[in-house]
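Sequences are here, hints too, so could you generate the full structure?
Line by line, the protein sequences are chains B and Y. Under the UniProt record's numbering, read the first sequence as residues 1 to 300, first letter to last. Under the UniProt record's numbering, read the second sequence as residues 1 to 352, first letter to last.
Everything labelled a hint here was simulated from the structure, so no lab data went into it. Computed from a predicted structure; not experimentally measured. Virtual Cβ for every residue (Gly too), placed ideally from N, Cα, C. Don't take each hint at face value.
To be verified - To list a few chain Y residues with every Cβ distance to chain B over 10 angstroms, as calculated: (1) I3; (2) K17; (3) A86; (4) P96; (5) F231.
To be verified - According to the in silico footprint, chain B covers these stretches of chain Y (three or more CB under 8 angstroms from chain B): (6) 31-42; (7) 68-75; (8) 289-296.
Said to hold, decoys possible - Keeping only pairs whose Cα atoms sit at most 27 angstroms apart, straight-line, the calculated DSS-like set for lysine-lysine is: (9) B:K285 <-> Y:K303; (10) Y:K25 <-> B:K157; (11) Y:K257 <-> Y:K269; (12) Y:K192 <-> B:K22; (13) Y:K10 <-> B:K202; (14) B:K202 <-> Y:K17; (15) Y:K135 <-> B:K9; (16) B:K250 <-> Y:K135; (17) Y:K195 <-> B:K22; (18) Y:K303 <-> B:K295; (19) B:K57 <-> Y:K87; (20) Y:K14 <-> B:K203; (21) Y:K195 <-> B:K207; (22) B:K66 <-> B:K228; (23) Y:K192 <-> Y:K105; (24) B:K139 <-> B:K16; (25) Y:K117 <-> Y:K103; (26) B:K22 <-> Y:K278; (27) Y:K194 <-> B:K16; (28) Y:K170 <-> Y:K135; (29) Y:K117 <-> B:K139; (30) Y:K14 <-> B:K297; (31) B:K9 <-> Y:K302; (32) B:K202 <-> Y:K303; (33) B:K298 <-> Y:K257; (34) B:K25 <-> Y:K99; (35) Y:K124 <-> Y:K143.
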Amino acid sequence: MPSLQRVQKPTTRKGKKILLAKEPKVFEDVKKKLFLTGRKASEVLRNCSKDLYKLSKPHAVILSRKNDILPFENIVPVENLCRNNDASLFFFSTTNKKRPNSLTIGRLFDGRLLDMVEFCINDYKSFDQFTASIPAETKPCLVFSGELWEQSQELAKVKSLLVDVFRGEVIDAVRLQGLEHVIMFTATNDNILMRSYQIQLKKSSTKLPRVELEDLGPHIDMVLKRTKFASEDLMKRACRTPQEAKSKPKKNVSKDALGTTHGRIHMGKQKVGTIQTRKMKGLKKTAAEKRVARKSKKAN
Amino acid sequence: MDILEDILQKEAKKSEKYKTTDVEKNVELELDLGNLLALDTNDLNLQELKSHKEKYLLNLARDNTQLLLNKLWDLPSERREDIVVAKLPAGTLRLPREKPCPKPKPLTKWQEYALEKGIKKKKKTNAVWDDIVQKWIPRFGYKKAELERQKDWVLEVPGNADPMEDQFAKKAEKKKEKVSKNEFQRLRNIAKAKKIKVPKEGLPSVANPSSDLLNTAAKVARVSTASLGKFQPKLPKEKTLKENVIAPKRVKRDHSKISSIDEKSSHLKIIDSILGKKPKLDIEKAVNRQVFQEQHERSEEKKTQKSKGGKKRRKTSIPSKARKGGKISKPRVGKVNTKKGKGGVGGGRKRR
Numbered sequence: 001m002p003s004l005q006r007v008q009k010p011t012t013r014k015g016k017k018i019l020l021a022k023e024p025k026v027f028e029d030v031k032k033k034l035f036l037t038g039r040k041a042s043e044v045l046r047n048c049s050k051d052l053y054k055l056s057k058p059h060a061v062i063l064s065r066k067n068d069i070l071p072f073e074n075i076v077p078v079e080n081l082c083r084n085n086d087a088s089l090f091f092f093s094t095t096n097k098k099r100p101n102s103l104t105i106g107r108l109f110d111g112r113l114l115d116m117v118e119f120c121i122n123d124y125k126s127f128d129q130f131t132a133s134i135p136a137e138t139k140p141c142l143v144f145s146g147e148l149w150e151q152s153q154e155l156a157k158v159k160s161l162l163v164d165v166f167r168g169e170v171i172d173a174v175r176l177q178g179l180e181h182v183i184m185f186t187a188t189n190d191n192i193l194m195r196s197y198q199i200q201l202k203k204s205s206t207k208l209p210r211v212e213l214e215d216l217g218p219h220i221d222m223v224l225k226r227t228k229f230a231s232e233d234l235m236k237r238a239c240r241t242p243q244e245a246k247s248k249p250k251k252n253v254s255k256d257a258l259g260t261t262h263g264r265i266h267m268g269k270q271k272v273g274t275i276q277t278r279k280m281k282g283l284k285k286t287a288a289e290k291r292v293a294r295k296s297k298k299a300n
Numbered sequence: 001m002d003i004l005e006d007i008l009q010k011e012a013k014k015s016e017k018y019k020t021t022d023v024e025k026n027v028e029l030e031l032d033l034g035n036l037l038a039l040d041t042n043d044l045n046l047q048e049l050k051s052h053k054e055k056y057l058l059n060l061a062r063d064n065t066q067l068l069l070n071k072l073w074d075l076p077s078e079r080r081e082d083i084v085v086a087k088l089p090a091g092t093l094r095l096p097r098e099k100p101c102p103k104p105k106p107l108t109k110w111q112e113y114a115l116e117k118g119i120k121k122k123k124k125t126n127a128v129w130d131d132i133v134q135k136w137i138p139r140f141g142y143k144k145a146e147l148e149r150q151k152d153w154v155l156e157v158p159g160n161a162d163p164m165e166d167q168f169a170k171k172a173e174k175k176k177e178k179v180s181k182n183e184f185q186r187l188r189n190i191a192k193a194k195k196i197k198v199p200k201e202g203l204p205s206v207a208n209p210s211s212d213l214l215n216t217a218a219k220v221a222r223v224s225t226a227s228l229g230k231f232q233p234k235l236p237k238e239k240t241l242k243e244n245v246i247a248p249k250r251v252k253r254d255h256s257k258i259s260s261i262d263e264k265s266s267h268l269k270i271i272d273s274i275l276g277k278k279p280k281l282d283i284e285k286a287v288n289r290q291v292f293q294e295q296h297e298r299s300e301e302k303k304t305q306k307s308k309g310g311k312k313r314r315k316t317s318i319p320s321k322a323r324k325g326g327k328i329s330k331p332r333v334g335k336v337n338t339k340k341g342k343g344g345v346g347g348g349r350k351r352r
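Here you go:
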């Protein structure tokens, strides 16, 4: 017999709000990131996760405690931690003899693992080694270079994950002067190189600005190791757009050259004959008249 | 012509002074402006990458960013809160959602009923004026209970009630029952929404069941066989059933012992009861049927009648009790409210 014991109402308004915020939405918020450490993490990894955390603030949580977790063996503890923090992206850093400096990046769908990839970091340069800086919460431009991003199916999936991780907020308009950050991922035969630059817009002879870049950091040279991708079915389910989010074409509304909006309205036929006008006592039928009318109706 | 040359020279100087914004690529970039995303599928210069790694990557990034920004600068712009922004198209790269699409909330039993009947929720005022305390009393929530206590410091004992009965306790009990009924309905709605089958009678699942509850459970389990527990062996220390609450009592009939005379008389009784049936005349039902028929006729007549007339009705010989809103000026007798003399005539329309 299924039990109904744990059907509990939130007792406080605040609790209710928190639960409501965790429910599925038509237009979702920014995916929250969770930074975790495994049994042991090297300095490189610690710096790396700190820097990536700085990049993704305020939509990120960093947990400093060590966890005895191996995500590729058992993902459940990671899922639980993500659920507790309402996060759907995770960065798991651990180092050991067999897999030195391994950074696992993954994402969840509906509280369950969707896909994750493991990188081994070979070379790392942190923010501190560069002078340039950008304001917080800057939405980065993302550039992927190298033919491998398209040719290799595995890398195409990794690209989708990296875009999801680094794209930040979903926006419908952007202030062009505020584009200050670009992250480039270059896929060579053996490495994936992540570079992050500050954009400087310089004057040019045309209307378009001349782009100059300055090193911002972090620089990560990494090798793709183990992967675990979602089944096609699950990915399809995860990529579904709700009906409410799909925009419908606007019918019967047009704009002319002067910018005036024109709308076409369809009106039903108006029954002028039977329409109720103002009631007046003088126009009322007397009882006798009504009787006559009824009788004539009956006779018909 | 001098002027033209001058201008051309100036332009040339200008373009010399500034670096170009053009970038040449063999394969054009795949751009996803909605996500500020660019994909450069051109071959990498691996030699250059090995020898001057950082410089090469910086140049590559600069070129690609330039191309991306060139496209972004071409987008239509708009003024929002005193800032000029470029409107971005929707992103083309499909990315998975964080959580599944929201499903519509299942309706409660009442909501379903209201939808079917077309009942709409009416906005009520937050507070109601009370003449006794001369104050606005909130319908629920903050300060409601306190004001209610002020108002009900004394309670009237109804005429036919036991004078020794505690009216306050009775009121509190009533309130408690209402609350628990509401809670029950809430749980039932949740169970319905989650498609959980709830047992109609018997055993709710409780965290710490009492001995009474466990006894009932044992009883239910005992009779839950095809033979209703007839052949069920007794458990050690099982209490004897005081009464079988669940299964109906089975009346044993010993057919061998019935004499032929008794059998004959019982059969005759049955035949008599069937053949001797007389149709019952239910006057109220008959009257109602008549009234309905007449009303139906009249409404049909009205529908066919195009011109909008008054609402005058023919006189009928129907007793006034069965009519509602008719025009017979017979005083009502039956339904005078004897408890509280505020309204005088209770129910239906007021007459003068």
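Structure-based check of each hint:
The Cβ of Y:I3 lies farther than 10 angstroms from every Cβ of chain B, with a closest approach of about 20 angstroms, so its non-interface assignment holds. In this structure Y:K17 is not separated from chain B by more than 10 angstroms, as the shortest Cβ-Cβ distance comes to only about 8 angstroms. The non-interface label for Y:A86 is inconsistent with chain B: the shortest C-beta to C-beta separation is roughly 5 angstroms, within 10 angstroms. The Cβ of Y:P96 does not lie farther than 10 angstroms from every Cβ of chain B; its closest approach is about 4 angstroms, which violates its non-interface assignment.
At roughly 25 angstroms from the closest C-beta of chain B, the C-beta of Y:F231 stays outside 10 angstroms, upholding its exclusion from the interface. Evaluation of the coverage hint for the region 31-42 of chain Y: fulfilled, as 8 residues show C-beta separations to chain B shorter than 8 angstroms, against a requirement of three. Against chain B, the region 68-75 of chain Y contributes 5 residues with a C-beta closer than 8 angstroms to a partner C-beta. That satisfies the three-residue criterion, and the hint holds. Coverage of the region 289-296 of chain Y by chain B is violated. Counting CB-CB distances below 8 angstroms, 0 residues qualify, and the rule asks for three or more.
Our distance criterion of 27 angstroms between C-alpha atoms is met by B:K285 and Y:K303, whose separation comes to about 18 angstroms. For the hint linking Y:K25 to B:K157, the alpha-carbon distance of about 25 angstroms falls within 27 angstroms, and the restraint holds. Distance check on the hinted pair: Y:K257 and Y:K269 sit about 19 angstroms apart at the alpha-carbon level, within 27 angstroms; holds. Annotation: proposed proximity of Y:K192 to B:K22 holds, straight-line Cα distance about 23 angstroms (limit 27 angstroms).
Distance check on the hinted pair: Y:K10 and B:K202 sit about 20 angstroms apart at the alpha-carbon level, within 27 angstroms; holds. For the hint pairing B:K202 with Y:K17, the CA-to-CA distance comes to about 12 angstroms; that is within 27 angstroms, so the pair holds. Under the criterion of a C-alpha separation no larger than 27 angstroms, the hint pairing Y:K135 with B:K9 is inconsistent with the structure, at around 33 angstroms. Between the alpha carbons of B:K250 and Y:K135 the distance comes to roughly 53 angstroms, so the proposed pair goes past 27 angstroms and is violated.
Straight-line distance between C-alpha atoms of Y:K195 and B:K22 comes to about 23 angstroms, which keeps the hinted pair within the 27 angstroms bound. Using a Cα cut-off of 27 angstroms, the hinted pair Y:K303 and B:K295 holds, with the two alpha carbons roughly 15 angstroms apart. Between B:K57 and Y:K87, the direct Cα distance comes to roughly 25 angstroms. Compliance with the 27 angstroms bound is thereby established for this hinted pair. About 11 angstroms separates the Cα atoms of Y:K14 and B:K203, which keeps this hinted pair within 27 angstroms; it holds.
Restraint check for Y:K195 and B:K207: the C-alpha separation of about 63 angstroms exceeds 27 angstroms, so the hint is violated. Our distance criterion of 27 angstroms between C-alpha atoms is met by B:K66 and B:K228, whose separation comes to about 23 angstroms. As the CA atoms of Y:K192 and Y:K105 are separated by approximately 12 angstroms, the hinted pair is consistent with the 27 angstroms bound. A threshold of 27 angstroms between alpha carbons decides the hint, and for B:K139 with B:K16 the separation of about 31 angstroms lies outside it, so the pair is violated.
A distance of roughly 24 angstroms separates the Cα atoms of Y:K117 and Y:K103; the hinted pair therefore holds under the 27 angstroms criterion. A C-alpha spacing of about 69 angstroms is found between B:K22 and Y:K278, which places the hinted pair above 27 angstroms, so the restraint is violated. Among the hinted pairs, Y:K194 with B:K16 is consistent with the structure: their alpha-carbon atoms are about 20 angstroms apart, no more than 27 angstroms. This hinted pair checks out: Y:K170 and Y:K135 have alpha carbons roughly 26 angstroms apart, not beyond 27 angstroms.
With a C-alpha separation of about 51 angstroms, the suggested pair Y:K117 and B:K139 falls outside the 27 angstroms cut-off, and the hint is violated. A distance of roughly 95 angstroms separates the Cα atoms of Y:K14 and B:K297; the hinted pair therefore is violated under the 27 angstroms criterion. For the given pair, B:K9 sits about 53 angstroms from Y:K302 by alpha-carbon distance, which is inconsistent with the 27 angstroms threshold. Taking the CA atoms of B:K202 and Y:K303, the gap is near 80 angstroms; set against the 27 angstroms cutoff, the hint is violated.
In summary, the hint linking B:K298 to Y:K257 is not supported, as the alpha carbons are separated by about 72 angstroms, beyond the 27 angstroms threshold. For the suggested pair B:K25 and Y:K99, the alpha carbons sit about 8 angstroms apart, so the restraint of at most 27 angstroms is met. A distance of roughly 18 angstroms separates the Cα atoms of Y:K124 and Y:K143; the hinted pair therefore holds under the 27 angstroms criterion.
This entry does not satisfy hints 2, 3, 4, 8, 15, 16, 21, 24, 26, 29, 30, 31, 32 and 33, going by the numbered hints stated previously.
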